[in-house]
Every structure is written in structure tokens, then in C-alpha cells.
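Novice: Can you build the whole structure from these sequences, using the hints too?
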Amino acid sequence: GNSVTQMEGPVTLSEEAFLTINCTYTATGYPSLFWYVQYPGEGLQLLLKATKADDKGSNKGFEATYRKETTSFHLEKGSVQVSDSAVYFCALSDHSNYQLIWGAGTKLIIKP
Amino acid sequence: DSGVTQTPKHLITATGQRVTLRCSPRSGDLSVYWYQQSLDQGLQFLIQYYNGEERAKGNILERFSAQQFPDLHSELNLSSLELGDSALYFCASSPRDSYNQPQHFGDGTRLSIL
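As you go down the protein sequences, you meet chains A and B in turn. Heads up: the first sequence begins at 87 in this note's numbering, then just goes up one per residue. Heads up: the second sequence begins at 956 in this note's numbering, then just goes up one per residue.
For the record, the hints were derived by calculation from the structure and aren't laboratory data. Heads up, a few of these hints could be off.
[Said to hold, decoys possible] Some chain B residues judged to face chain A by a derived CB distance under 10 Å, without partners named:
#1 Phe-1000
#2 Glu-1017
#3 Ser-1041
#4 Leu-1043
Predicted model, so just to flag it, every value in this text is computed and none were measured. By construction, the Cβ of each residue, glycine as well, lies at the ideal position given by its N, Cα and C atoms.
Specialist: In C-alpha cells form, the structure reads like this:
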């Protein structure tokens, strides 16, 4: 079955550091891939998406590239801010199951 | 603001009781999804409706049921509640029944079973 694996957290960085959160997936066919973010005490917000191989999703300085050859969708940001502290979820959906399959989430802590 | 409205924000009740969670999707969205977020199991898909019809079921217990009404709002009914049902329940919506459209989430209903 489909699955998503994310790096375990928490990830703790200093402000202005480079961020990478790893995400790999297992799926039949060609899924769509998403990153969602959950700020403390809030709901899930779509951060970015990619729907086919080699697509790059980007938003608010975050980027992720859909890599079919490595079945990965790693999240990156060049310079993180304290306000980026949140839990980040990688997710996929495919043509036979429209519901989202979720990774376990990675908690990101940014220290000033 | 995602445009998806969930009520109530918090629910506190006792074991054995029944509750109803309500979701209003974004204007124009026909698909509604329900998810459960718990500490031990993470985020899990429960059920999907599209334009009033059930489309897919995930890990939804038999004690739980849902429906989508003609005005497209949806309700999730949880009955014979157990301590393990304590979780954050999210509703999401998307315009169509498609795997490459992002789902937009409400703020969730936090259910606490005492």
C-alpha cells in the first residue's frame, strides 16, 4: 500500500540556518505530493504541492521537488525564521485513493 | 483562513456518549474529507463524500458515521464514545473528486473523552 516516511524530529535549528526535512514515499503509479504545516494550536495549512515528476512546489521561501527516481519530496528553505517553528507533514494522494496518506510529521524548532 | 468551518472547536464529554461534529466546506467545493489526528496514530483518513455521496472509507470505526447534506455541509457522528476516541478531528474540502487537487483544512474539533 501507499506510505510516506518523514525524518523524525524534533529538528532544532538556529535562525537563518538552512532547512531540509526529508520525505520519501511508496506508491503505485504517480501520486500527487503535498507539504502541510501545523502551527501550534492551529489546523493544517497547505504549504506547497507537486503533481508530477520534476515539478517544484514553492511557497513562503519553502521548496520541494518531486523526484520520481528517488521517490522523494524533501522540503527545503534557505534561511529559517523563528516563525517557521511548527510541525510539517508530507502527504500523498494517488489516482485510486483521493484521500491523503500522511507522514508522521516533523516538529521544527527554530531558536533565535 | 482556509474557508472551511468546523464547529464546535472543543467538545468535552463522557464515555458512552454520542457527539456530532459539523463541517462547512469552502464555497464551491463538492468534496469533503474527515481525518482523525491522535498522538499514537498520527493523521488518519476516515471518510470522504462527494456531492452528497460517500466516495471512500478509511479507518473509520463502525461506531462512527457521516453524511453530506444537499447544501454540502457534512456531519461526523461519533457514538458509544471511548477514551481512545479523544483526538483532533479535521474536515477538509476540495473542488472536485481528484487526487491532484489540494485539500483545504478547517481548524479542527478537539474531542476530549473523560
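Novice: Going through the earlier hints one by one, which of them does the structure break, listed in rising order?
Specialist: 2, 3
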